[in-house]
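J.: Sequence:
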Amino acid sequence: MVTRHNLLVTTCLLALTVVSRSYAAPNGRIVGGADAAIGQFPHQVSLQRDDGSHTCGGSIISENFVITAAHCVVVGNGIEPYPARYYQVRVGSIQRTLGGLLLKLKRIIVHKGYGNFLNDIALLELEKPLVFTENIQPIELAEEEVPSGEDVIISGWGRLSTSGPIPNRMQWNTLKALNTEECEEAIQMGDDSLICLAHNPDNGACFGDSGGPATYNGKLVGLSNFVYDGCGSANPDGYTKVAYADHREWIRENSGV
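Going letter by letter, the sequence shown gives residues -24 to -1, 1 to 233 in mature numbering (1 follows the signal peptide of the UniProt record, and there is no 0).
Hints in this document: simulated from the structure, not taken from any laboratory.
Below 20 angstroms or equal to it, Euclidean Cα-Cα: the simulated EDC-like pairs (lysine to aspartate or glutamate) are:
(1) 82 - 26
(2) 152 - 127
(3) 195 - 127
(4) 195 - 225
(5) 195 - 39
(6) 88 - 229
(7) 82 - 101
(8) 88 - 222
(9) 82 - 103
Estimated spans, in silico, between C-beta atoms of each pair:
(10) 39 - 193: 19 to 25 angstroms
(11) 89 - 116: 19 to 25 angstroms
(12) 55 - 195: 23 to 29 angstroms
(13) 39 - 139: 37 to 43 angstroms
(14) 177 - 104: 39 to 45 angstroms
(15) 27 - 53: 22 to 28 angstroms
(16) 177 - 110: 32 to 38 angstroms
No residue lacks a Cβ here, since even glycine has one placed at the ideal position from N, Cα and C.
Starting from the given sequences, assemble the full structure and let the hints guide the process.
T.: Put into structure tokens, the structure is as follows:
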């Protein structure tokens, strides 16, 4: 079982809850990452506030839906989302401030079981269906577990370090999958609905990567959820597991994917 008696002290959520404005998160870049190439991650989106500032990542899963983390869009610690009009997504660009298309949201759907780092999933229904191009493509959702020790790719605009600079160009990095028992041993978060991704110090996810994709064999296996002991620590990062049966069923019921 997962033990969390000290988690709020030792864990740093990717979307800060103590921001000056009333909604969402900070900006950023993946720790230790490399520049993404044009078209390398056509499923990746930048979830932005209505003022154009990047707040989280996300992935296109159909012409009508983007998937991201619940904590990117909920009010406080609850499960009620902010109004869809507060957000937009940039698709088809590796730059968070230009290129591609900016799209409005029609609706935000949050998993009703979200809380205590679990079921951290939300669906963003687009105001108008996407037209797929070379740089705008959906990603297939994983149905199977990632074997321990396999390479998993993460991407996004998370910070270089906990208080580091914010690049305009998308970053990516390669982490290692851990199984449930290994995750429990490392950070006491061995829940079947999570996937932990190990990395060397000065690598991994950071603020602004929330909700962004972790992929294995070209399929979406995880959504960036939390980091432990700050960005780029020696501890693995936590991702919401897409292949978890309850998560896949919830996604199907709410998006048809």
